[in-house]
Each structure stands twice: as structure tokens, then as C-alpha cells.
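Those protein sequence lines, which keep their order, are chains G and R. Convert by adding 4 to the 1-based position in the first sequence; the result is the number in the working numbering. Convert by adding 4 to the 1-based position in the second sequence; the result is the number in the working numbering.
Among the clues, some could well be false.
Since the list gives no way to pick out one identical chain from another, each pair is judged satisfied if it fits inside one copy or across any two copies.
Said to hold, decoys possible - No farther apart than 25 Å at their CA atoms in a straight line, the calculated lysine-lysine pairs in the BS3-like style are these: (1) 57 with 111; (2) 144 with 57; (3) 334 with 169; (4) 274 with 334; (5) 330 with 439; (6) 439 with 274; (7) 144 with 358; (8) 57 with 102; (9) 169 with 34; (10) 488 with 274; (11) 330 with 477; (12) 432 with 358; (13) 102 with 274; (14) 403 with 442; (15) 376 with 439; (16) 376 with 322; (17) 403 with 322; (18) 382 with 400.
In short, the hints are calculated from the structure, not lab data.
Number of protein chains: 2
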Amino acid sequence: MDNIPNAGEMRKTDGESSSAKVTFSIDKTKNFPDWYDRALNIGDMVDARYPVKGMYIWRPYGFKALRRMMGIMHEIMERTGHEEVYFPMLIPASIFGKERDFLKGFKGEAFVVTRAGTETLGEELFVRPTSETGMYESIKPWVRSISDLPLKIYQVVNIFRHETKQTRPMLRLREVVQFKEAHTFHATAEEADAQVQEGVAAYKEFFDRLLLPYLVVETPSWDTFAGAVYNMDLMSVMPDGKAIELGSVINLGDKFARAFGITYQANDNKQAYVHQTCYGISERELGVMLAIHGDNNGLIIPPEIAPIQVVVIPIFHKGKEETMKKGAEKVKQILVEQGFRTAMDIRDRGVGDKYYEWEARGVPVRIELGPKELESGKLILFRRDTRKKETVDAAKAPKRINELLVDITDTLRARAQEYFKGRVFHFKSVSDLKKNYKEREGMIGLPWCGDEKCGRKLEEDIGIPTVGFVHDKHLSEPCASCGKTKDMVEMFFGRTY
Amino acid sequence: MDNIPNAGEMRKTDGESSSAKVTFSIDKTKNFPDWYDRALNIGDMVDARYPVKGMYIWRPYGFKALRRMMGIMHEIMERTGHEEVYFPMLIPASIFGKERDFLKGFKGEAFVVTRAGTETLGEELFVRPTSETGMYESIKPWVRSISDLPLKIYQVVNIFRHETKQTRPMLRLREVVQFKEAHTFHATAEEADAQVQEGVAAYKEFFDRLLLPYLVVETPSWDTFAGAVYNMDLMSVMPDGKAIELGSVINLGDKFARAFGITYQANDNKQAYVHQTCYGISERELGVMLAIHGDNNGLIIPPEIAPIQVVVIPIFHKGKEETMKKGAEKVKQILVEQGFRTAMDIRDRGVGDKYYEWEARGVPVRIELGPKELESGKLILFRRDTRKKETVDAAKAPKRINELLVDITDTLRARAQEYFKGRVFHFKSVSDLKKNYKEREGMIGLPWCGDEKCGRKLEEDIGIPTVGFVHDKHLSEPCASCGKTKDMVEMFFGRTY
Numbered sequence: 005m006d007n008i009p010n011a012g013e014m015r016k017t018d019g020e021s022s023s024a025k026v027t028f029s030i031d032k033t034k035n036f037p038d039w040y041d042r043a044l045n046i047g048d049m050v051d052a053r054y055p056v057k058g059m060y061i062w063r064p065y066g067f068k069a070l071r072r073m074m075g076i077m078h079e080i081m082e083r084t085g086h087e088e089v090y091f092p093m094l095i096p097a098s099i100f101g102k103e104r105d106f107l108k109g110f111k112g113e114a115f116v117v118t119r120a121g122t123e124t125l126g127e128e129l130f131v132r133p134t135s136e137t138g139m140y141e142s143i144k145p146w147v148r149s150i151s152d153l154p155l156k157i158y159q160v161v162n163i164f165r166h167e168t169k170q171t172r173p174m175l176r177l178r179e180v181v182q183f184k185e186a187h188t189f190h191a192t193a194e195e196a197d198a199q200v201q202e203g204v205a206a207y208k209e210f211f212d213r214l215l216l217p218y219l220v221v222e223t224p225s226w227d228t229f230a231g232a233v234y235n236m237d238l239m240s241v242m243p244d245g246k247a248i249e250l251g252s253v254i255n256l257g258d259k260f261a262r263a264f265g266i267t268y269q270a271n272d273n274k275q276a277y278v279h280q281t282c283y284g285i286s287e288r289e290l291g292v293m294l295a296i297h298g299d300n301n302g303l304i305i306p307p308e309i310a311p312i313q314v315v316v317i318p319i320f321h322k323g324k325e326e327t328m329k330k331g332a333e334k335v336k337q338i339l340v341e342q343g344f345r346t347a348m349d350i351r352d353r354g355v356g357d358k359y360y361e362w363e364a365r366g367v368p369v370r371i372e373l374g375p376k377e378l379e380s381g382k383l384i385l386f387r388r389d390t391r392k393k394e395t396v397d398a399a400k401a402p403k404r405i406n407e408l409l410v411d412i413t414d415t416l417r418a419r420a421q422e423y424f425k426g427r428v429f430h431f432k433s434v435s436d437l438k439k440n441y442k443e444r445e446g447m448i449g450l451p452w453c454g455d456e457k458c459g460r461k462l463e464e465d466i467g468i469p470t471v472g473f474v475h476d477k478h479l480s481e482p483c484a485s486c487g488k489t490k491d492m493v494e495m496f497f498g499r500t501y
Numbered sequence: 005m006d007n008i009p010n011a012g013e014m015r016k017t018d019g020e021s022s023s024a025k026v027t028f029s030i031d032k033t034k035n036f037p038d039w040y041d042r043a044l045n046i047g048d049m050v051d052a053r054y055p056v057k058g059m060y061i062w063r064p065y066g067f068k069a070l071r072r073m074m075g076i077m078h079e080i081m082e083r084t085g086h087e088e089v090y091f092p093m094l095i096p097a098s099i100f101g102k103e104r105d106f107l108k109g110f111k112g113e114a115f116v117v118t119r120a121g122t123e124t125l126g127e128e129l130f131v132r133p134t135s136e137t138g139m140y141e142s143i144k145p146w147v148r149s150i151s152d153l154p155l156k157i158y159q160v161v162n163i164f165r166h167e168t169k170q171t172r173p174m175l176r177l178r179e180v181v182q183f184k185e186a187h188t189f190h191a192t193a194e195e196a197d198a199q200v201q202e203g204v205a206a207y208k209e210f211f212d213r214l215l216l217p218y219l220v221v222e223t224p225s226w227d228t229f230a231g232a233v234y235n236m237d238l239m240s241v242m243p244d245g246k247a248i249e250l251g252s253v254i255n256l257g258d259k260f261a262r263a264f265g266i267t268y269q270a271n272d273n274k275q276a277y278v279h280q281t282c283y284g285i286s287e288r289e290l291g292v293m294l295a296i297h298g299d300n301n302g303l304i305i306p307p308e309i310a311p312i313q314v315v316v317i318p319i320f321h322k323g324k325e326e327t328m329k330k331g332a333e334k335v336k337q338i339l340v341e342q343g344f345r346t347a348m349d350i351r352d353r354g355v356g357d358k359y360y361e362w363e364a365r366g367v368p369v370r371i372e373l374g375p376k377e378l379e380s381g382k383l384i385l386f387r388r389d390t391r392k393k394e395t396v397d398a399a400k401a402p403k404r405i406n407e408l409l410v411d412i413t414d415t416l417r418a419r420a421q422e423y424f425k426g427r428v429f430h431f432k433s434v435s436d437l438k439k440n441y442k443e444r445e446g447m448i449g450l451p452w453c454g455d456e457k458c459g460r461k462l463e464e465d466i467g468i469p470t471v472g473f474v475h476d477k478h479l480s481e482p483c484a485s486c487g488k489t490k491d492m493v494e495m496f497f498g499r500t501y
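Please put together the full structure from these sequences, using the hints given.
Below is the structure:
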């Protein structure tokens with residue numbers, strides 16, 4: 005775990021109110037949508053009052069968490085040989101429409117610039133909903149001979165989609181603020197297939213570091229990304245039982261290469277089309293992370309991501325304010341020097357309110373320092389995940405805090421795995437499902453023969469759409485639709501975000 | 005100087021051609037526009053072939069340089085108490101038009117989204133040309149009492165302006181990819197004034213680290229930012245003699261606060277308007293840095309910014325390729341361990357071409373390693389700024405390279421200062437100017453009494469617009485327009501980017 009000193013005294017931390025005592029009292033499992041909105045607000049992540057639907061303001065504390073999360077992604081991308089680039093946001097209509105399936109999939113939800121100043125544009129400009137078209141049009145000269153391949157690039161950009169469903173901070177947006185999209189170009193179909201696996205592995209590492217549980221599925225042919233040959237999705241489940249796509253790794257084959265004319269000179273001196281993949285993640289993953297780890301007291305942020313890992317709160321007694329402040333400052337200083345991201349709260353406010361606020365913000369460890377502790381060289385440590393307190397010698401605090409951060413990480417990971425296990429159901433047949441699946445919501449697996457007709461029939465029978473099938477695990481049960489027994493895989497169904 | 009190991013072997017580095025021998029041969033001073041375009045292209049910074057005017061693609065090497073430059077800005081912002089946020093890109097028309105001067109200044113150049121999918125929007129959305137309006141509309145609840153002030157935030161975002169002048173990578177854009185804009189909110193006018201000084205100091209530090217020369221001027225009242233009370237600009241001069249704004253620090257007074265109703269509860273329990281400042285820089289500063297430091301062999305990147313500080317080039321002799329590769333790999337490994345950002349070029353290409361390319365990319369130090377050097381434990385070091393070579397013992401190379409990087413930094417700084425001195429002219433009167441200012445272009449100073457009429461008359465007389473006046477240095481010469489002698493300051497004039 006890296007411990008970069010970062011936050012100083014946090015002065016403006018209240019997303020909601022600067023004086024009123026705040027209370028939480030929403031049950032995460034029973035009323036997840038309200039819990040989520042409130043947890044993100046009281047937890048100082050986003051401000052949801054921007055006057056355009058689906059566009060949100062990032063508060064300083066939230067943006068720090070997002071930056072830390074994206075820092076991990078940058079690290080993984082660079083380590084696996086992807087180079088960062090930037091392609092323009094606005095895409096001319098003629099280019100946006102070059103790949104037919106892509107156009108069909110995205111034209112209904114793209115924002116369009118038609119005017120600049122008072123001038124109507126000669127050609128409309130599409131605001132990227134994702135960057136395939138603008139990028140693939142321009143990248144042709146980067147790929148000339150086989151020595152230019154594989155080409156692996158990525159960018160972190162804002163993208164826009166005119167969502168008609170209910171929007172929600174980080175999860176469903178009209179402006180995605182940080183969309184990390186990787187695009188790769190290969191000489192052969194086999195290399196593109198292998199790259200899909202590399203992309204999945206990169207995302208697994210990423211979600212593992214966010215302590216997120218997931219299932220890797222392949223999307224059925226009738227539900228792939230617009231313009232894809234196939235895609236692998238990493239799926240998780242939200243506390244309301246709905247499935248959510250954490251990341252998608254897409255094999256584009258040579259479809260876009262043919263539409264945009266991306267070729268290279270192969271060894272036989274002929275021009276050959278490249279084979280492509282692309283894969284993306286966004287701030288959505290921070291939202292899922294906060295949703296899964298949080299509890300009825302608000303957010304719980306994993307120590308690696310937490311903008312503030314430790315907050316020092318001196319307990320003021322009349323006449324001793326200055327002594328307590330100095331004592332707290334000293335504790336903070338030592339922790340900062342040891343590399344912990346540490347804040348101190350010396351605002352003129354009740355200590356109960358402060359505890360409440362810092363818990364809602366999900367800071368992993370709180371230090372309480374009263375006159376008694378100061379006198380006896382002790383500190384009280386409160387860990388956010390279990391909400392348990394312990395008293396330690398001040399001198400031993402750094403070592404103990406480090407142990408706590410490791411233990412909180414392990415606890416959050418184990419809890420999330422346990423939670424996920426309870427949200428993924430395996431049934432043998434539709435009747436088995438109908439008998440045993442009541443109000444518990446999550447992802448539901450059924451044996452499937454691989455036939456599209458059977459897949460679509462099962463969707464109809466149970467009234468729940470497919471999520472994707474597990475690619476490499478074969479089942480012995482017969483297909484829940486046709487009863488066939490050869491090459492059975494498990495198809496998952498779920499309501500999705 | 006921090007030396008973060010970063011680049012590995014650089015495989016795809018050619019912005020222009022993957023096989024043709026490239027030649028430079030453009031004189032930077034005589035034909036600066038062509039030099040600039042070519043230097044950025046051969047130097048692998050941007051790809052200028054995107055099919056929309058004023059929007060450019062960032063190549064991996066260029067984007068690394070931009071990231072390093074912006075990393076310095078982030079560091080300065082955080083250290084000076086600014087917190088990073090994000091406000092949405094699209095601004096409803098009714099909000100965009102709330103401050104009259106701002107609307108007048110920006111409505112002619114803003115891109116406008118009028119449609120989403122097939123649906124015409126009920127209210128048009130302006131693509132931010134800068135974020136004042138969208139931000140100030142939403143920030144009201146962040147400022148309630150005096151304890152919320154000062155509020156100092158910043159964001160790094162893409163902005164869009166429909167430039168009608170000739171566009172040029174980094175310098176004049178329709179999409180500015182990384183616009184760093186800071187916004188501050190204060191209780192009093194005095195505090196806002198002081199913040200302007202803090203902003204100027206932050207930018208001075210930033211430009212000093214880019215080794216850029218500048219002059220701090222105050223913009224005359226008839227040429228301020230739309231909606232400003234006054235602004236301080238940091239101005240430099242490009243190799244073609246045109247002045248260029250490196251950064252602008254703006255005092256907004258309470259004009260926007262009144263337009264958007266941003267008030268706080270003052271100590272007397274009354275609502276008072278906040279006083280605001282804002283200041284911005286962008287990738288333009290990277291463009292200026294490359295323009296000023298480069299020479300007729302291409303880019304020269306200051307060591308602190310350079311994505312690659314050292315490139316190791318083994319000289320292949322027939323039959324010894326593998327030995328040379330291994331030797332070079334060992335040298336690279338040692339340098340990476342020592343913290344130098346090091347690349348190695350083992351491509352199958354002539355060594356002359358390689359030298360040429362890495363010089364054009366502005367890598368500060370090149371290591372040449374031939375069989376003779378390998379045998380005798382020596383290395384040849386080539387420094388990009390003076391293009392001088394020296395031979396060192398391999399064991400002493402890291403220490404010597406560190407000295408070279410420091411010396412290159414000092415040399416570039418001194419050169420840039422010397423260059424700037426030759427580009428800023430001081431004249432006593434219009435006739436003095438007309439006699440002595442011929443074809444040499446740059447910024448021209450004249451004594452000015454502070455009267456708008458005199459300023460405008462001088463612009464007419466010499467046919468060159470004002471750039472701004474030096475704020476705190478008083479002159480003894482009489483006003484070049486009216487002859488008044490009291491409170492003279494120096495007003496600068498220049499053609500600008």
C-alpha cells in the first residue's frame with residue numbers, strides 16, 4: 005500500500021450544510037437508491053445540483069478519490085504497454101457514420117453541435133459518446149507496416165450520452181467525466197483474441213485493487229457492443245440486486261478496419277486489415293466501489309483509494325483548546341511524515357458531529373485525542389469498517405495504523421466477496437428458479453446450450469434479460485430451454501443498471 | 005530535479021514516416037511558422053491531420069510532455085491551497101447569458117449543442133469556452149458564511165472556442181485539451197487583490213520551471229477579460245516577434261457575484277457579495293516552451309519536462325548486434341535504476357537517422373555506444389543544447405549525466421533570458437521608436453500617463469496594439485502622447501498571438 009502524504013487540515017468538507025447536525029438513517033439494503041444519493045452527498049463526493057440532468061459536480065474530496073482510482077488504472081495501462089494519447093472530442097458527422105452498426109447503436113444518444121457563435125456549421129459535429137470513429141479515421145497513418153503493430157493506446161476523456169433512463173451520479177450519466185478507453189491494433193485475429201484476454205486480466209487486477217467482486221462473462225451475440233464481434237464483460241451486483249457492468253473488453257475484429265481503411269503492409273507485401281480491440285472503464289467503478297463497501301453510516305473507502313486515511317480529532321475541553329490543538333497537530337505531523345494521508349479537524353463544532361461526518365466520508369481510521377489521552381501519551385483509534393475502538397501508546401500508533409489499514413483492506417475484500425456470493429444464484433432449470441428465487445435479487449445462472457433461440461426463450465420465460473455467459477466452465481446439466489446436454493455453459497440473467 | 009523512471013524502449017516514435025530519412029532544414033528565426041509546425045511533427049508532439057480545423061491529436065510522446073508540465077501546475081496549485089474539482093462541460097443558455105459582459109465577449113465564439121439524438125433540446129447547451137458561468141451558478145451553496153471563505157478551487161478541462169484566426173497546435177485552438185482554470189472567492193476586495201498577486205506568483209514559479217522568460221503587465225481598462233475589473237497578464241515573445249500571453253490572472257470584483265447571487269453571511273449578519281478572481285493556463289505554455297528553446301535541429305525539451313531524458317543508442321557493427329544490444333541494455337538498466345527517464349533505440353535503422361530523430365524530439369542527453377567504447381568501458385555523451393560530445397567512463401556516467409541535466413537547464417534558462425532581452429524594446433517617444441525600431445519585432449515600451457485617450461492614441465500613432473503596462477515601475481520620461489510627467493508607467497505594445 006502506498007501512503008502518499010496528501011491532505012492537510014480539511015477546512016471545507018461539508019457537501020450539505022455548514023452548521024446543521026446531519027443524520028443518516030437510511031437503510032442501504034432496504035432503500036438503496038436513497039442511500040446512494042445521500043451517501044454520496046453527505047460523503048462529500050459529488051454535488052448533484054447542477055441544472056442539467058445527468059451531469060454532476062465533483063467536490064474536492066470526491067475528485068481526490070477519483071484521481072487515486074484512476075491513478076491505479078494509469079499505472080496498469082503503462083505497465084502493460086499502453087501509451088496515453090488524446091483525440092479530439094468533436095467528430096464530423098460523415099466520420100461518425102462510417103461504421104453502420106456503430107452509427108445505429110449511438111446516433112440516438114449522441115449530443116450534436118450544430119452551431120458556433122451565430123454561424124450554423126457546414127457539417128454537424130458529434131460530441132463523442134466513445135471515441136472509435138474519430139480515432140480510427142485519423143489513426144491510419146500510424147499503422148503502415150507490421151513493425152507498427154501491435155499498437156496499444158489509451159486516453160482518459162469526457163464523453164456524452166443522452167441517457168433517457170433515470171440518471172445517477174457516477175453510475176448513469178450524460179457526461180462521463182473520466183472515461184478511460186483503450187484501443188489496440190493487431191496484425192491477426194489471434195492476436196486480437198489474446199489482447200481481449202490481456203484486457204480482461206488488466207481489469208481484473210484493477211477491480212481486485214478496488215476490492216470489488218465480479219464475474220467475467222461473454223455477452224451473447226444478440227447483445228454485443230455496436231460494431232463488435234464479441235465482448236467480455238466484468239459484471240458485479242449492486243446492493244439493490246441489479247447487475248452492473250464494471251468494464252467491457254471488446255473484440256472489434258476487422259469491422260472498423262474495413263469501414264475506416266486501416267491496413268498495414270503484411271509480410272507478403274499485400275495490404276491487410278488490422279484486427280482491433282477496445283475496452284473502457286469510468287468513474288462508474290468508483291460509484292460501485294462506494295455502493296458495495298458502504299454501510300448505514302455512510303461511505304467506507306478502501307485505504308488505497310481513500311483521499312484521507314487517518315483523521316485526527318482533538319476533543320476540546322474548556323480552557324484547554326490550544327493545548328489540544330498543539331497535541332493533535334503533533335500527532336498529525338508524525339503521521340504525515342510516516343506517509344499516511346492525514347487530516348486534522350479543529351473546527352469549532354461538536355465532536356459528535358465531527359465523528360458523524362468523518363464516518364460518512366468513509367475515512368478508514370479516526371484518532372480521538374482527549375486531555376486524558378494527551379496526558380498519558382495514548383491515542384484512541386477507531387476503525388471505520390467494524391466501528392471498533394482501541395487505545396494505543398502514541399509512540400506505537402503509526403505501526404498499529406498500518407496494521408489497521410491492511411486489516412481494513414482484507415476485511416472489506418472478504419465482506420464484498422461474501423456479499424457477492426449471496427447475490428449470484430445457480431439454478432438447474434426454470435422451474436427450479438421459479439420455486440427458489442423469490443425476492444432475493446441478483447444474477448441468476450441457468451444451463452444454456454449456446455443457441456440464440458434458447459437464450460431468447462429463457463429471457464422470455466423468466467422475464468429477466470441475459471447478462472452474459474461464463475465462457476470456459478462447462479456444465480453437466482441440460483439446457484434449461486431445449487434440454488440438450490452437449491457443450492453446456494452457464495448463462496446469467498439479471499436486471500441491469 | 006526529479007527523475008522518475010518512465011519510458012521504456014521507445015518503439016513507435018515517428019510522427020511522420022516510418023522509413024523515409026527525415027530532414028529538417030527550416031530556419032527557426034527566418035521562417036518560424038513552418039519551423040513550428042515541422043518541429044512539433046518531427047518532434048512527435050502532435051498529429052495535425054485531424055479533420056476539424058483547430059483540433060489536434062496528441063501523440064504519446066507529446067502527451068507525456070504535457071502531463072509532466074501539468075504535473076508541475078498540479079503541485080503548485082495543491083501547495084498553494086487550491087483544491088481540484090470538476091464542473092460539467094455543457095452550460096444551459098440561460099445561465100451562460102447571466103453576466104452581460106461575459107456573454108458579449110464569448111457568445112460569438114462558443115460551440116452550441118442544439119440536438120441530442122434526433123431530439124431538439126428544449127434549451128440550447130453551450131460548450132464551455134471557459135467555466136465561469138456554469139460554475140458560478142452552481143457554487144452558491146458552497147459559500148454560506150465567512151468561514152467558507154476564501155474558497156480556492158481549480159480544474160483541468162477541455163474547452164472550446166470557435167477561433168476564426170489561423171489555428172496552430174497548442175497556441176491557437178478550437179479545442180483546448182488541458183485548460184487549467186483556478187477560481188477563488190473572497191470576503192473582501194482587498195483579499196481578491198491579494199489573491200491576484202498570489203496567482204501571479206504561482207504562475208511566475210510555473211514559467212520559471214519551464215525556463216520561460218516573461219513580463220508581468222496589467223491589461224489596460226479597454227482590453228480586459230470579459231467581465232473583469234482588471235487582469236494581470238504574463239507576456240512572452242515568440243521567435244517571430246509576436247507577443248504571447250502565457251497566463252492571465254483576473255480580478256472579477258463582485259460583478260459575477262452580483263449576476264449569480266453569490267453571497268455569504270458577513271459578521272454583521274447581512275448578506276454580502278463575494279469578491280472573485282480566476283486565472284488560467286493551458287497547453288499553449290508547452291507550445292511556447294518548445295518554440296523558445298528549440299533550434300534548427302528541432303525541439304529541445306528542458307530536463308524537468310522531458311518525457312525521455314537520456315536515450316541510449318548502440319552502434320551496430322555486423323556480427324556484433326547482440327553484444328551491442330546487451331551492452332546498451334545494461335547501460336539503460338543502470339540509468340533507470342538511478343532514476344533517469346531513459347529510452348533505448350535498437351531499431352533496425354541507420355544510426356544517423358536515429359541521431360537525427362532523437363535530436364528532433366529534444367531529448368537532452370544521448371548516449372552513443374560503439375564496439376570501441378563497449379570494450380574500453382567508455383560512453384560517449386551528447387548534449388542536445390550545445391550539441392557537444394564528450395567521452396566518459398561508464399561507471400561515472402550517472403553522475404556526469406546528472407551534472408549535464410543541471411547544466412542544460414541553466415543554459416536553456418540563460419539563453420531564453422538573453423533572447424527575451426533582445427525582444428523587449430524601451431523607447432522614450434514615438435519618434436524615438438520610429439527612428440530606431442525597424443524590422444526587429446518584439447514588445448515595445450513607451451512612457452504612458454495612464455489616460456485611456458493617450459493609450460489609444462499611441463496605438464494609432466504606431467499602428468501596434470497595447471499589450472499592457474508595467475504596474476509598479478514608474479518612469480521619469482514624459483507621456484509619449486500628452487507629455488504629462490506625473491505617475492508615468494511603461495506601456496507595452498506588440499502584435500499578439
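Against the structure, the hints:
no. : hint         : verdict
1   : 57 with 111  : both (19 Å within a copy, 23 Å between copies)
2   : 144 with 57  : between (37 Å within a copy, 19 Å between copies)
3   : 334 with 169 : neither (51 Å within a copy, 57 Å between copies)
4   : 274 with 334 : neither (70 Å within a copy, 38 Å between copies)
5   : 330 with 439 : neither (64 Å within a copy, 67 Å between copies)
6   : 439 with 274 : neither (60 Å within a copy, 66 Å between copies)
7   : 144 with 358 : between (56 Å within a copy, 24 Å between copies)
8   : 57 with 102  : between (30 Å within a copy, 20 Å between copies)
9   : 169 with 34  : within (22 Å within a copy, 58 Å between copies)
10  : 488 with 274 : neither (45 Å within a copy, 78 Å between copies)
11  : 330 with 477 : neither (60 Å within a copy, 44 Å between copies)
12  : 432 with 358 : neither (51 Å within a copy, 64 Å between copies)
13  : 102 with 274 : within (24 Å within a copy, 60 Å between copies)
14  : 403 with 442 : neither (47 Å within a copy, 71 Å between copies)
15  : 376 with 439 : neither (60 Å within a copy, 81 Å between copies)
16  : 376 with 322 : within (14 Å within a copy, 78 Å between copies)
17  : 403 with 322 : neither (32 Å within a copy, 58 Å between copies)
18  : 382 with 400 : within (9 Å within a copy, 51 Å between copies)
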